Structures are given as structure tokens and as C-alpha cells.
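> With chain A fixed as given, assemble chains B, C and D with the ligands onto it according to the hints.
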Amino acid sequence: MLNKKILISIFEKLLNKAKSSYDSFNAADGQIGDGDLGVTILHGLEEINNNISKFTDDMGFNFKLCSQAFVKKSGSSFGTLIAFSFMNISKNLKGKSECNHEEIVNIFETALKTILERGKTNLGDKTIADSLNLIINKLKDNQNYSEVFKTATKQALQDFKGKKIKIGRARMFEDKTKDLDDPGMFALNRLTEAF
Amino acid sequence: MLNKKILISIFEKLLNKAKSSYDSFNAADGQIGDGDLGVTILHGLEEINNNISKFTDDMGFNFKLCSQAFVKKSGSSFGTLIAFSFMNISKNLKGKSECNHEEIVNIFETALKTILERGKTNLGDKTIADSLNLIINKLKDNQNYSEVFKTATKQALQDFKGKKIKIGRARMFEDKTKDLDDPGMFALNRLTEAF
Amino acid sequence: MKKIINDPGNFVEESIEGLVKSHPDIYSFAKDNRRVITRATKEKNKVGIVTGGGSGHLPVFTGYIGKGFLDACAVGSVFASPSVEQIASAIRNADNGKGVLCVLGNYGGDVMNFEMACEITGSEGIKTKTVIVADDIASASIEEKLKRRGIAGMIFVFKVAGAIAETGASLEDTFNLASLANNSIRTIGVAVSPCILPEAGKPTFEISDDEIEIGMGIHGEPGIKREKIRKADPLVDDLCKRILDDFRLKSNDEIAIMINSLGATPLEELYITSKRVHENFLKLNIKIIKSYIGRYATSMEMAGMSITLFKIDGDLKKYLFSKSECPFWTN
Amino acid sequence: MKKIINDPGNFVEESIEGLVKSHPDIYSFAKDNRRVITRATKEKNKVGIVTGGGSGHLPVFTGYIGKGFLDACAVGSVFASPSVEQIASAIRNADNGKGVLCVLGNYGGDVMNFEMACEITGSEGIKTKTVIVADDIASASIEEKLKRRGIAGMIFVFKVAGAIAETGASLEDTFNLASLANNSIRTIGVAVSPCILPEAGKPTFEISDDEIEIGMGIHGEPGIKREKIRKADPLVDDLCKRILDDFRLKSNDEIAIMINSLGATPLEELYITSKRVHENFLKLNIKIIKSYIGRYATSMEMAGMSITLFKIDGDLKKYLFSKSECPFWTN
Ligand SMILES: Nc1ncnc2c1ncn2[C@@H]1O[C@H](COP(=O)(O)OP(=O)(O)O)[C@@H](O)[C@H]1O
Ligand SMILES: Nc1ncnc2c1ncn2[C@@H]1O[C@H](COP(=O)(O)OP(=O)(O)O)[C@@H](O)[C@H]1O
Ligand SMILES: [Mg+2]
Ligand SMILES: [Mg+2]
Ligand SMILES: [Mg+2]
Ligand SMILES: [Mg+2]
Numbered sequence: 083m084l085n086k087k088i089l090i091s092i093f094e095k096l097l098n099k100a101k102s103s104y105d106s107f108n109a110a111d112g113q114i115g116d117g118d119l120g121v122t123i124l125h126g127l128e129e130i131n132n133n134i135s136k137f138t139d140d141m142g143f144n145f146k147l148c149s150q151a152f153v154k155k156s157g158s159s160f161g162t163l164i165a166f167s168f169m170n171i172s173k174n175l176k177g178k179s180e181c182n183h184e185e186i187v188n189i190f191e192t193a194l195k196t197i198l199e200r201g202k203t204n205l206g207d208k209t210i211a212d213s214l215n216l217i218i219n220k221l222k223d224n225q226n227y228s229e230v231f232k233t234a235t236k237q238a239l240q241d242f243k244g245k246k247i248k249i250g251r252a253r254m255f256e257d258k259t260k261d262l263d264d265p266g267m268f269a270l271n272r273l274t275e276a277f
Numbered sequence: 083m084l085n086k087k088i089l090i091s092i093f094e095k096l097l098n099k100a101k102s103s104y105d106s107f108n109a110a111d112g113q114i115g116d117g118d119l120g121v122t123i124l125h126g127l128e129e130i131n132n133n134i135s136k137f138t139d140d141m142g143f144n145f146k147l148c149s150q151a152f153v154k155k156s157g158s159s160f161g162t163l164i165a166f167s168f169m170n171i172s173k174n175l176k177g178k179s180e181c182n183h184e185e186i187v188n189i190f191e192t193a194l195k196t197i198l199e200r201g202k203t204n205l206g207d208k209t210i211a212d213s214l215n216l217i218i219n220k221l222k223d224n225q226n227y228s229e230v231f232k233t234a235t236k237q238a239l240q241d242f243k244g245k246k247i248k249i250g251r252a253r254m255f256e257d258k259t260k261d262l263d264d265p266g267m268f269a270l271n272r273l274t275e276a277f
Numbered sequence: 119m120k121k122i123i124n125d126p127g128n129f130v131e132e133s134i135e136g137l138v139k140s141h142p143d144i145y146s147f148a149k150d151n152r153r154v155i156t157r158a159t160k161e162k163n164k165v166g167i168v169t170g171g172g173s174g175h176l177p178v179f180t181g182y183i184g185k186g187f188l189d190a191c192a193v194g195s196v197f198a199s200p201s202v203e204q205i206a207s208a209i210r211n212a213d214n215g216k217g218v219l220c221v222l223g224n225y226g227g228d229v230m231n232f233e234m235a236c237e238i239t240g241s242e243g244i245k246t247k248t249v250i251v252a253d254d255i256a257s258a259s260i261e262e263k264l265k266r267r268g269i270a271g272m273i274f275v276f277k278v279a280g281a282i283a284e285t286g287a288s289l290e291d292t293f294n295l296a297s298l299a300n301n302s303i304r305t306i307g308v309a310v311s312p313c314i315l316p317e318a319g320k321p322t323f324e325i326s327d328d329e330i331e332i333g334m335g336i337h338g339e340p341g342i343k344r345e346k347i348r349k350a351d352p353l354v355d356d357l358c359k360r361i362l363d364d365f366r367l368k369s370n371d372e373i374a375i376m377i378n379s380l381g382a383t384p385l386e387e388l389y390i391t392s393k394r395v396h397e398n399f400l401k402l403n404i405k406i407i408k409s410y411i412g413r414y415a416t417s418m419e420m421a422g423m424s425i426t427l428f429k430i431d432g433d434l435k436k437y438l439f440s441k442s443e444c445p446f447w448t449n
Numbered sequence: 119m120k121k122i123i124n125d126p127g128n129f130v131e132e133s134i135e136g137l138v139k140s141h142p143d144i145y146s147f148a149k150d151n152r153r154v155i156t157r158a159t160k161e162k163n164k165v166g167i168v169t170g171g172g173s174g175h176l177p178v179f180t181g182y183i184g185k186g187f188l189d190a191c192a193v194g195s196v197f198a199s200p201s202v203e204q205i206a207s208a209i210r211n212a213d214n215g216k217g218v219l220c221v222l223g224n225y226g227g228d229v230m231n232f233e234m235a236c237e238i239t240g241s242e243g244i245k246t247k248t249v250i251v252a253d254d255i256a257s258a259s260i261e262e263k264l265k266r267r268g269i270a271g272m273i274f275v276f277k278v279a280g281a282i283a284e285t286g287a288s289l290e291d292t293f294n295l296a297s298l299a300n301n302s303i304r305t306i307g308v309a310v311s312p313c314i315l316p317e318a319g320k321p322t323f324e325i326s327d328d329e330i331e332i333g334m335g336i337h338g339e340p341g342i343k344r345e346k347i348r349k350a351d352p353l354v355d356d357l358c359k360r361i362l363d364d365f366r367l368k369s370n371d372e373i374a375i376m377i378n379s380l381g382a383t384p385l386e387e388l389y390i391t392s393k394r395v396h397e398n399f400l401k402l403n404i405k406i407i408k409s410y411i412g413r414y415a416t417s418m419e420m421a422g423m424s425i426t427l428f429k430i431d432g433d434l435k436k437y438l439f440s441k442s443e444c445p446f447w448t449n
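Chains A, B, C and D, in that order, are what the protein sequence lines are. The first sequence begins at 83 in the working numbering and counts up by one. The second sequence begins at 83 in the working numbering and counts up by one. The third sequence begins at 119 in the working numbering and counts up by one. The fourth sequence begins at 119 in the working numbering and counts up by one.
Pulled out of the complex, with its shape left as it was, chain A reads as follows (with noise of 0.2 Å):
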């Protein structure tokens, strides 16, 4: 189940998770990218949480405003396409303060088809869309969000090791992203441990 307080206590937690994460979230990115997946995530989520108080009963309302922060913060792939997702999340959930097992399935099934449709990718293309993928499959028969999130996250990562990353300038670095994990994917995960 998820509503207003859930959510805020969510946020609040990733936000001290991003924190205490963001040196090494500049770095997994700035391996093969340019560095700045750490800052993108922290000012997105200190955004957020600094709108928080005006969360309201509405969840479609409260997403438009997690959208909105991503927005005004952001202009890497990662926050754009978080800030999409929200947005569309948002539109699904107008005027509904509680959402149960299947919303909140659905709520990450709208965030993939965004970021694939957004993000001009595939599945298979190592990205943050692979780890939603399979929480959506484990959300199927597992209700325990917090166990699902982390161990799915974590599997996504063990499943595209020796995997090319086909996305963005990534791409650049060919074989060597085999034995790198995406970055995005990679942030997921860490994120997870706030739970």
C-alpha cells in the first residue's frame, strides 16, 4: 500500500541514501560517462524533499511535483527520464490517495514504458530499464516491496555482468562497459539499501 506518508517517508530515506551515495555515484558514472548521475539523483531528490510539504492527499498531485523537481533540476538522461515517468505516473494516478498491489505495479510498468519509449532503448540495452523489468516480474509474486527491490536490482546487475552497455556514450567505450556496471543500474541498487 501506498499513499502520502509512505511516500514522503520513501523520499525521505533515498535522500539520506543519496547523500551518503553521491561520491560514488560521480564515479560509477564518470568511468564511461561524465560524471554527474550522483548530483543528478541528490538535487533531484533534495527537490523533492524540499516540496514535500506541500504533498497532498492526491498521489497524482504529489507525483506531479516529484516530476516537476526532477524537471527543474536536471538535465542528464537519468532525471529527464525519472521526470517523465513521474509526469505519466501522476496522470495515472490523479485524484487517488492510496494505491494498491497492482497501482503500484503499474506505477513501475509506467515508468519502463516511458523510459523506453523517452529513452529510445530496448531491453537487453543494460540500463535502468532492465532493473525496472525485473522488479515489475518479482512484484508479480512478491508482495515484501522492500526484499523485491533489492534483490531485484542486484540480480539485474549480476545478469548484465560481461554485458555491453548499448546506450548513450557509454557505447563509446565497447568492451570495456562488459565488465562495468551501468551506472544507472547501479545507483538503483545502492538506492534500495535505504529500505
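Rather than coming from a laboratory, the hints here were simulated on the basis of the structure. Please note that a few of the clues may not be correct.
Okay, derived cross-link-like pairs now, EDC-like style, lysine to aspartate or glutamate, Cα gap no bigger than 20 Å in a straight line [said to hold, decoys possible]:
id: 1; chain 1: C; residue 1: K265; chain 2: A; residue 2: D257
id: 2; chain 1: C; residue 1: K405; chain 2: D; residue 2: D143
id: 3; chain 1: A; residue 1: K86; chain 2: A; residue 2: E184
id: 4; chain 1: C; residue 1: K185; chain 2: D; residue 2: E443
id: 5; chain 1: A; residue 1: K146; chain 2: C; residue 2: E203
id: 6; chain 1: D; residue 1: K435; chain 2: C; residue 2: D143
id: 7; chain 1: A; residue 1: K202; chain 2: C; residue 2: E237
id: 8; chain 1: D; residue 1: K139; chain 2: C; residue 2: D371
id: 9; chain 1: A; residue 1: K195; chain 2: C; residue 2: E233
id: 10; chain 1: D; residue 1: K320; chain 2: C; residue 2: D328
id: 11; chain 1: B; residue 1: K202; chain 2: D; residue 2: E262
id: 12; chain 1: B; residue 1: K173; chain 2: D; residue 2: E237
id: 13; chain 1: D; residue 1: K441; chain 2: C; residue 2: D143
id: 14; chain 1: D; residue 1: K265; chain 2: B; residue 2: D257
id: 15; chain 1: C; residue 1: K320; chain 2: C; residue 2: D125
id: 16; chain 1: D; residue 1: K139; chain 2: C; residue 2: D351
id: 17; chain 1: D; residue 1: K349; chain 2: C; residue 2: E317
id: 18; chain 1: C; residue 1: K441; chain 2: D; residue 2: E443
id: 19; chain 1: A; residue 1: K173; chain 2: C; residue 2: E237
Being a predicted model, the structure only gives us computed values, none of them experimental.
Structure of chains B, C and D with the ligands alone, referenced to chain A:
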């Protein structure tokens, strides 16, 4: 007495000294100026030595070669003043194969006159002109050239301790220059160690 | 950190305010958004040309606003994409009924945000088309040309798109010429030292004293290959060869070149580079009609440079050389 | 050393050869001297404008040759004066019967060598006059103004001298206007990091991470005062105050400003500087008619910047804005 052979040996010795003093000359200049004094002196002396096989019995011609060497290799004040000095000395010595003591004194007087004129400086401004002036004074009653050069250039440094440098960009540092040797005077003194 | 700045958090705001204050005849803030710069005098009856992207690359992007160049620009934070809202504002400001051409570099965030902004403004009735500049041959193979990043070559696209738009050409014709330019440009660069992000206060990457990076990105991201530093001539020969392997030219083909400093690399070194580029092309009887040497697309104080080749014939040549008014371009 | 160069001993030769090859319509080697650059097309019936000085300062000095600017330049080694012979050749090449105005920076070697070259060419029948630019207010007090060094302000003198000469003005009139310009210009600069001499391969001076130098020289020599690094605004306020203490302006006076990067300092920081300069002068109701922001006089990759104030009225304004053709100047 000065002739072609002695002049050649002088420039050989000076070159060796300039090589071993390269860094210290640059450093002395670098404290208040652009740090190129070692470059100027070394390159000028190298070029003279590269042309030493062209030296003839005509001392005027030899000094002309020396002047051209400094014209070619140096773009800094010191090199330019030396080039002008050599040029005027060359005019005085045209056709002469040997210089007696009086003519040797005259070489320094010509250099001093040229430097004050071209450099638009006065005695007392704490420049190489002051060192030359002391050399000339001492030469009047001492024909031990090596001794005169050493003691005069050393005394010049001492006489000007505590006095401000009044030319070039050194002037900008005002009182700081009281504690510092003028780089050109310092270099002249060091070079006399060659003899 | 040795930067002449105030609060790092105001770096972008203050620098664009300085730009507008310094050249009030050329640049202006959009009325509705302080992160959008427009021309000081809005044109009528022409296709608007819009760009946008991260800060820290001046004169790219904002600098190229001006008569015969761009109409508006959305200004992101340092090395970060502008937001959808900022881009949408730039599009609205640039439109005057004939539609808007967006010209941007191929970076994930920028591409996604422009796409979204075009959807939003499209729903408001503004016709847009987009050219995504992809000139960096180091960032993807020729088979994947569409995935290449946009770097210095982008300015040539700004120039010809801006020039044809100024004649009153249609959105379609403007788009076609800009696309043709995009396909006629190849760039490759090297980085020799990193830059410092104002907020981070430390270098974006480390590179040892005897190494260089081939194919560096203008966001301070690592290049494709780290090599021992070489003398300029063999380095330039290598870069020219990579470009010519990628883009076959024939004898008597006409080109323009751009030798672009990433920031710190001085003009002297760019001219040492240019000398060799001229010699190489002369041997192949390829005609360099014009050389642009300087700082056109930078990464703040990063040291390094890029070489851009622009094959010009017909309209491309005509519009490259047509007059424009921009503080960072001499006609 | 992270420079894109070949043999450091050929640094100057190769960079000016690159300059000439890149802009063959503007620059040309003098026939008699590879260290002298002239216009590609020699003008008739005008006073020739000649400059000269050390290399490593591009676009200063050679870069400012062009219609409405200089006619010839003698090119010294890095940070070193050109020789008497090179300067004499530049004067001969620039003369076409109406005499030659030499405009140079106030540096010992340069001044002495120009003086000598003028004597030599004078004896050959060429009439010359000389303006020694002395705009650096940090390098001597106002009482000793003639002893000040020449730095970025020099370019304004090139511009107005070149412009009036182009109209066919006499040597006398050209000299007078250039002298007036020289007296109407004030510059002050700061260095934040040193540059590397190609031959030495190491920095010209050391400066710790939290210090800056006020009144740096463009030859890499130390400034007059080392200070803790400050934020941009108080630093700029201080520099503006020093300029205005030196050169009293009244309400409604018209000026041009130049914010010049010594090399590495990026445009973003120059604009942050310019923003504050504009605010300061606006308060005093002094009218900034035009702002020149960029790399006009550099010390290779040194980081730092200078602020130049040029009081313009009457002919100075007219000739500053008259058209010129030079790759490093936008009209
Ligand atoms: N087009 C895309 N589709 C899906 N995921 C993407 C895409 N682009 C980036 N990502 C995810 O975002 C992460 C990088 O984010 P970020 O550092 O914000 O990107 P950048 O700085 O390159 O714009 C990647 O590791 C990847 O997981
Ligand atoms: N105008 C001058 N008159 C006399 N001596 C001078 C003059 N200028 C420089 N010198 C001498 O030359 C030395 C500096 O030489 P140099 O480094 O070549 O000058 P710069 O690099 O400043 O042109 C000074 O220490 C001084 O002794
Ligand atoms: Mg990134
Ligand atoms: Mg990014
Ligand atoms: Mg010196
Ligand atoms: Mg010098």
C-alpha cells in the same frame, strides 16, 4: 692586452659559466622580471661561440660578429643593450688587431655610454651600468683585469644593497627591490668567476 | 579552484546576465524565462532557429544568437540539458508564424527534452522540426552515425540554418539545408587536460602528464582512447586520417575547416595544428576555402582541440559565407 | 608539458606559418624576412602602421594586421622582442611614401629595438613616428605614466590608428590620434595561474591554489601584489576603483570596455566580470557604448583577465567603430 686569441678564450670561458649559471640567472630575473636573463645570456654567448671560427685579426670585425650574435638571439633588454654596446665598440676598433690598456678601458666606457643612452637610465638606477662604472673606475689604476672584474662587480652589488631598482618592471615592486640584487648586476658578477 | 566567480550556484545566471549586458544590441532575456535568451530585435516572417544545451561551452550555445544565426536559446546548467519548460519557452519566443527549427547536439538529456518541448509547443500550434547534430566521428562508427555526439561542427549547422532562414525560406527548406550540413560535417578532438566544474571545484577527470585523450567529450567525459602524448604533426596526421577514412573526399572538393580550442589551448597551438591540416589537404588537392581558428565550442578551461571538416558546395557554401551579425563570428 | 607542438624551437615559425596559411586573404610573409608579416594586399597612399613584439600573445601582435588595422608586424620569439633587423624590415614593407607609425608596447627590449630600427630606416628616407602604449596602471603611478607597460589597451590604439590611416590621413594626424587614444586608455589585470614556455616546458611562476596576482605582466612576470583569491564581485569592484582613481570620469562620459582573458580563463568568467563592470559604471552614470569580451591579448594558456577602459569621444569613437577586416575583430 686584448687580441683575437684572448677574446676567443674569454668567450669560451663565459659560455661555460653561462651554462652552469643558466638557472640561477633565470631565477634572479624571475623574482622581479620575466625570468629570461639566463636564456638571453646563454643564447647570446652560444651564438658568439658558434661564429668564433669567423673571427679575424680585425677586432672591430670580431665585435661586429658579437653584436650580430646578440641581435639575432636576444629580444630582451639585457641582450639588446649588449648588442648595441658591441656595435659601438666595433666601430671604435675597426682595423685594430690589438687593444692596449687604454683601449680596453675605452671598450667599457663605450659600453657604459651606450647603455645609458639606449637604456635611458642614469647611474645610480641599480643596473649593469653601475657595475660597468665601477669596473672603469678600478681599471684606471689596476691592470689585473680578472681582479678588477671580480672586485668591482662584487662591490657594485654591495653598494646597492638597500637601494631601490629604478628601471623596467622591477620598479613596480618598490621597496621589495631594496633587498634584492639587480639581476643583470648579479649575472655580471657571477660571470667574472669564469676568469 | 582558480576561477573568477561568485557563488558557484549563480555561475550560469551571472554569466548570461553579463552576456546580455555586454551586447544589448544582440541578446535579450526572454520575457517569461531568465534561462532563455533571444535576439534583441525579434524578426518577422522567418523560420525561427532555436538551440539549447548545457552551460560552460561559450560561445556555444547562446553566443550564436544574432542576425543570420539563431533566434533563441534555452540555457541549461553547467554541462546539463535545459528543462522542457525552458526549451518550450525558447521555441515560443522564436516562432513568428513560419515555424521553428531546433538544432541541437546529440546528448541524451537534450534530445529527450527537446522532443517533449516540441510536443508541447506543437499542441499549441507551433510547427517544429529538429536537426540533431552528430559530427563527432570518435563517438560511434559510421554505421551508427545517428548515435554520434554533436560537438564543434554544430556551429556550421547553426550558421547555414540561420542564413537560409534569414532569406525567408520555408521550414522545410531550412530543415533540408541544415540536415545536408549535418551530413557534410565531421569532427574529431583530443583533450590534454580536464576542466573544473564550478560547483564541484575539482577536475572532471584525471589525466597524467604524458597522456592525451582521443575523442574527448565536451562535457568532460573521458575520450575513447588514451594515448601517450605525441608531437603535433603526427597527432594531426592521425586525426586527419580518421576524418578522411570516415568521409571520402575527391580531388578539388571544397571544404571549410574549424580548428577549435576546448578553452585553454592557445591560438599558437591551433595555428601549428592548422598549418599541418593545410599541408595534408593540399597534398590531396582538397581545397580549403576558409579556415575558422579559435574558441568556438569550449568546455570552460579544458585544454585540447578539435578539427572539423565541412564539405561545402552549392547552397552550403553560399550560406556559410553570407553575412551575419554575431560577436563570435567574423564573416 | 601538455602542449600541442612539435619541436619547441620551431614554435614561433610554425604558428605564424599556420596563421598565414589559414588566412591567406589577410596575412602574408614579407618577401625579405620570415619573421615579418604584412597584409596580403599592400595598400597604396596611406600611412603604414607597424607593430612588433614577442610571440605567445596571439592575437597580439600579428593577428591585428588587416584592412583598417595594421600593415606589418615584426614577430619576436616567445615573450622576446623582435630584432632591429626584423623591425626595420616591417617598417620598409609598411611604407608606401606617406611614412610609418610604429605602435608598440612599453617593454625595454621592444622600445630600444624600435628606436634603432627607426633610425636605420630614417637614414634610408622613411619617415617614422612612434607611439609607445602604456596602459597598465599597476605598473607605475600616474606621475610616471610614461613608464607604464603596454597590455591589452594596445589593441584599441591599433584600431583607431589603423582606421584613421585607412582614410589617407597624414602621419602627423595618425600619430596625434593614436597618442590621444593612448592617453585615454587604462588597464589593470589579475593572473590566477601561470603559463608554460614551450622551450622551458615549465610554468613561468608558481602561485598557490588560493592566491591571485594583481597587476600581472603579459610576459609571465609576477604582478605587483599577491592576494588571497576573492569572489569575482569584490575583485572586480577593486579593479574598477583602481581604474577610476587613476582616470577621473564624469557622469555621461562615453567609454568602451575590454574584458580580456589571458588565455585559459573562459568566456563565462569574463561575462561574470563584465556584468559587474557594467553595474559599477551604470551607478556612476558612465555610458558603456561597447563591450569587447574575449581573448584579445594573451599569455598563451595563462589564466586571468584584464579590464580596459577606453574613453571615447569625437574621432576616437568614430574610428573605433569604423569598419575593419581582421579575423580577430567583429565590427
Ligand atoms: N536512453 C536511455 N534509456 C534508458 N536509460 C538511460 C538512457 N540514457 C541514460 N540512461 C540511464 O541513465 C544512466 C546515466 O544517467 P546520466 O548520468 O543522467 O546520463 P547523462 O549524464 O549521460 O545524460 C545510465 O546509466 C542509464 O542507466
Ligand atoms: N634600460 C636599462 N638600462 C640599463 N640596464 C638595463 C635596462 N633594462 C634592463 N637592464 C639590465 O638588464 C637586466 C634585465 O635584463 P633582461 O632580463 O634582459 O630584461 P627584460 O627581460 O626585462 O627585457 C636588468 O637587471 C638590468 O641590469
Ligand atoms: Mg551522466
Ligand atoms: Mg549529464
Ligand atoms: Mg628579463
Ligand atoms: Mg624579457
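> Could you run down the list of hints and mark each one as holding or not?
Okay, the hints, checked on the actual structure:
| no. | hint | verdict |
| --- | --- | --- |
| 1 | K265/C - D257/A | 17 Å, holds |
| 2 | K405/C - D143/D | 14 Å, holds |
| 3 | K86/A - E184/A | 17 Å, holds |
| 4 | K185/C - E443/D | 19 Å, holds |
| 5 | K146/A - E203/C | 14 Å, holds |
| 6 | K435/D - D143/C | 17 Å, holds |
| 7 | K202/A - E237/C | 16 Å, holds |
| 8 | K139/D - D371/C | 18 Å, holds |
| 9 | K195/A - E233/C | 16 Å, holds |
| 10 | K320/D - D328/C | 14 Å, holds |
| 11 | K202/B - E262/D | 14 Å, holds |
| 12 | K173/B - E237/D | 17 Å, holds |
| 13 | K441/D - D143/C | 17 Å, holds |
| 14 | K265/D - D257/B | 17 Å, holds |
| 15 | K320/C - D125/C | 15 Å, holds |
| 16 | K139/D - D351/C | 16 Å, holds |
| 17 | K349/D - E317/C | 14 Å, holds |
| 18 | K441/C - E443/D | 13 Å, holds |
| 19 | K173/A - E237/C | 17 Å, holds |
Against the hints set out earlier in the document, no violation occurs for any number.
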